[in-house]
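Read off the chains here:
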Amino acid sequence: MGAGVRTLIPILASDSASAEVCSFIFNGLLKYDKDLKLKGDLAESWEIKDGGRTLIFHLRRRVKWQDGVEFSAQDVIFTYQKLVDPRVPTPYSGDFKRISAIKALDKYTVEVKYTHPFAPALASWTMSIIPKHLLEDKDLSKLRFWENPIGTGPYELVRWKHQQLIELRANKNYFEYPPFIERVIFRIIPDSATLFLEVLSQAVDNASLTPLQYVVNAKSALFRKNFLKFRLPSHSFIYLGYNLENPLFSDKKVRRALNFAVDKKEIVKSIYHSQALVSNGPFTPQSWAYSESLKPASYSLEKARRLLEEAGWQDRDGDGILEKEGKKFRFTITTNQGSFLRQKIAEIIQHQLKKVGIGVDIKVVEWSVFIERVINQRNFDAVLLGWSLSFDPDLYDIFYSKKTAPGEFNFVGYNNPEVDKLLLAGRRTFDREKRKAIYTQVARLIYEDQPYMFIAVPYSLSCLHRRFRGVKPARSGYFYNFIDWWVEKQERKYMF
Amino acid sequence: MKHLFRNPIFLSGFFIIFFIAFVCVFAPFITSYNPNAINLKEALLSPSSRHLLGTDTLGRDLLARLLYGGRVSLAVGFVAVGISVLIGVALGSIAGFYGGVIDEIISRFIDIMLCFPSFFLILSLVALARHPSLYIIMAIIGFTSWMSPARLIRAEILSLRQRNFVIAALSCGLSQRRVIMRHIIPNAWGPVMVNATLSMAVAVLIESSLSFLGLGVQPPQASWGNILLEAKECLGVGWWMSVFPGLAIFFTVLGLNLIGEGIRESLHK
Amino acid sequence: MLRFIIRRLFNIVFLLVGISLVSFLVIHLSPGSPLGGVVFNPKVSLEVKAKLTKIYGLDKPLIQQYLDWLRRIVRFDFGVSLLDGRRVIDKIKERIPLTLFINLISLFIIFLIALPLGIIGALKKGSGLDRAITVFVFVGFSFPSFWLALLLMQTLAVHWQIVPVSGLVSVDFPYYSWAGKVWDLARHLVLPIFVSTFGALAGISRYVREEMHTALSSKFIILARAKGLPQRLILLRHALRNALLPVITILGLSVPGLLGGSVIFETIFSLPGMGRLFYEGVMARDYPLIMGLLVIGAVLTLLGNLLADIGYALADPRIRYEAEEK
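Residue numbers (our numbering), protein chains in the order written: chain A, 27 to 522; chain B, 610 to 878; chain C, 18 to 343.
Because the hints were derived from the structure by calculation, they are not lab data. Incorrect hints may appear among the rest.
[Said to hold, decoys possible] Cut-off 35 Å, straight-line C-alpha distance, at most; resulting in silico cross-link-like pairs (DSBU-like, lysine-lysine):
{"id": "1", "chain 1": "A", "residue 1": "K139", "chain 2": "A", "residue 2": "K164"}
{"id": "2", "chain 1": "B", "residue 1": "K650", "chain 2": "A", "residue 2": "K251"}
{"id": "3", "chain 1": "A", "residue 1": "K278", "chain 2": "B", "residue 2": "K650"}
Isolated chain A, as found in the complex (with noise of 0.2 Å):
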């Protein structure tokens, strides 16, 4: 992984490197499985009662924390406490919030009462639960940083060497049972090339890799040798999303304007090396709100120019850049820093939109300084960025018109209110197919609206050692059944 763990209590951890190795050492109430379905994982099943509003989990039984303490009623309760409370830096406290009340029926049954019915809600209890006997007695505001974390799950911590190397062994006593991988080491890399030389030198089992990574060393005949590839659909998009509150963007003519004037499969071709789809709106197609049935809009340079044409642009003086009342249409993408495939987008949407008389500078900006300055602050014509969005499908955080104060996620100032309706809705339906439909009419109307210019969606690229056995990549990807992995004796690396 490229960057370092920062914290391996879970609901601290707002980072991806964390979050990971959390998963391996934490159980929440319900997981995804492989077909990204909810199902148990503390919770042996669960009830949703008065319309929603009242959720009820049953417990697994005789689950013991990794030190031989039983988990219980209690631990879902402390976590809770946690989640809500102002001095805990949690990130996660959003959804947590909408409860009202929560108590333990009996040692293995937790009843959670929402104020409103709260769609989300169940989702969100795939968040690791926490041991009370462990961590009542400290201030998580303070103690970031736990040396020993103990969870329920199937691996547990042996030695964290900051910024080089977590190394996890497995659990004897997990609840399903013990993991046949003796030993999980994650290593720390920040730098990519170094990361795939490692990976060139067998020295790193699994590593992600860039697009083209990805297509040139399929050719490597070393490469194929050891490793499987794999391409698995991500839950993330790439768009550029416009700053409404600019004249420049505020006609829809325009923004769909330069919807036509952008070819994205040739960004997909040439910067993905084909390793992505063209995206049709804000959902990926593993959600299961995505449909098929939005297309997204062909690249027409004809359209284009038409639907400028039509919204008062023209290039009178003949210098190539479209005027309207004497202001040229000038703007520029900001960007952030260190990803190399954002800035290379950035840079072929500034050669295509050239072509329809459009000027557009390129500004690339350190990450901290970018939510800082460019996104909280609105300062900026259109950023280039990605969403990696949860698997539920609310989307009331990015387009609901009211979530439009600074560091809020609403930035591009987007309003419509059929869409505020619809997107409320979405949030009290519990059932799938309604959501569906729902969520359906949302994107569709984003997409008409173009809040943002939707791109692709990556795909997420990966290999992995061959000498690992029962690898069964599934929709949600290889990892969800890493306990019943192994390796035959002949290849095991490692003296342990």
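Assemble chains B and C onto chain A, guided by the hints.
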């Protein structure tokens, strides 16, 4: 000067730098390609008669990018060193000439600045800058490397002040400023030049290191450093992407070092 | 001697205050916030963000923040890292040994190679051999270190698989025998040490050459020659001793350069040292960490200079007198 042009070390450095600067300045006459023109159909081509040094991931001609990028890299080195020499000479001569409290303050400030590992300082300033543009990078490198010219000038002035011709000039009633500008600085110029060429070499390396860490000159503008950064992403795919810019940096730094060394040698003669 | 030491100590305190002020200003006058990396996730609500700001005390006035910080660093308490909540001093402490270890080995090798190169250069000044050495050390200096590192990794580590690509030790290191551990560590350090050594040969060998040349042309050597002392004796007893004294000071002066260089090669070779910690801190806008590292880096520099001064003073009594008379 005569010494200088007979010194083989200086000469070889001079020719290297002259050649590189020449082709970069006259880039439009050497290649007809636009360094930023994207041609996705010709992405990642190996060197051929059509593209002498091949193309990059967006199908841009590498030779064109190297030549135009060279302008940026050389400019960063040149301007950054200009800034540092300017600040250094100003502060150093004030400290050296006036002495006393002023000297004490300036010298202490130099001491403080010298305690910082300069790459630490540059890195934080660049990363914290609002928009790390070309000019900001030049300024930051300049503002963090003026200490050694300042020290050189100060030391030189302290020793020159004791020399007869300066004492004579002062006692003739010439103004202090005039003495500094007319007599002292020209005499201190040699060591400062040596220092400046070496710092320029260091500045070119710093620019490329910053780009390597993703903090340098921003795309689509080419610099040798960020061409190398791109090359890193296609490791094992396009050797030409990393070999040519690497060599360009290498020869520039080498050439500047040789020039500095040559000047040093001829000063000692 | 006592006055000399007191003067130095006073000077150091003064420098420390200056350093802390400069680094504090540098970081706090810049945009961006330490919360940047944390909050770009649609599930993080606005209240959460306000909550984080309050916990970290970022809403207090700047002067207050500086004074609070200064009061604490006197006790080596640099506060808590905004990233993982660990104490900054602990994070630095676990990173310093590796950086110092690698740099000391590099320094040792550099001296081992640069010294003879410099002496030969001085003895045969102007000859073809001298020129060849000059070009050789400048070639080392001129390689962009990350480029050289990548080329070496590609050929030695991937193609020929002689050495590991990166990292400090193998993942199963704790289970090796004692000798196995040493061998493993050595294999991992070959490339990084080569890269940092090759680049630094130029500075020191040129310096030795200069000093040696000055010593050789000084009056007492000429006198020794005139007395007919054997060449080897002149070289070792007199010239080298005089030439080596100034080289001691280079030791102190090379500390900041080496620390700076660590950023690059620790990142590329995935070595968990101070340089990489610094880079991580800068990228994440981890204020307490950056300030802690800047201060520690500067303190190490001061320490290096002090050691060099003391070494110099011990070796050459003249220095002490001068300092006292000043």
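We went through each hint and held it up to the structure:
Straight-line distance between C-alpha atoms of K139 (chain A) and K164 (chain A) comes to about 27 Å, which keeps the hinted pair within the 35 Å bound. For the suggested pair K650 (chain B) and K251 (chain A), the alpha carbons sit about 31 Å apart, so the restraint of at most 35 Å is met. Restraint check: the Cα-Cα separation between K278 (chain A) and K650 (chain B) comes to about 32 Å, which is no more than 35 Å; the hinted pair holds.
Checked against the numbered hints given earlier, the structure satisfies every one of them.
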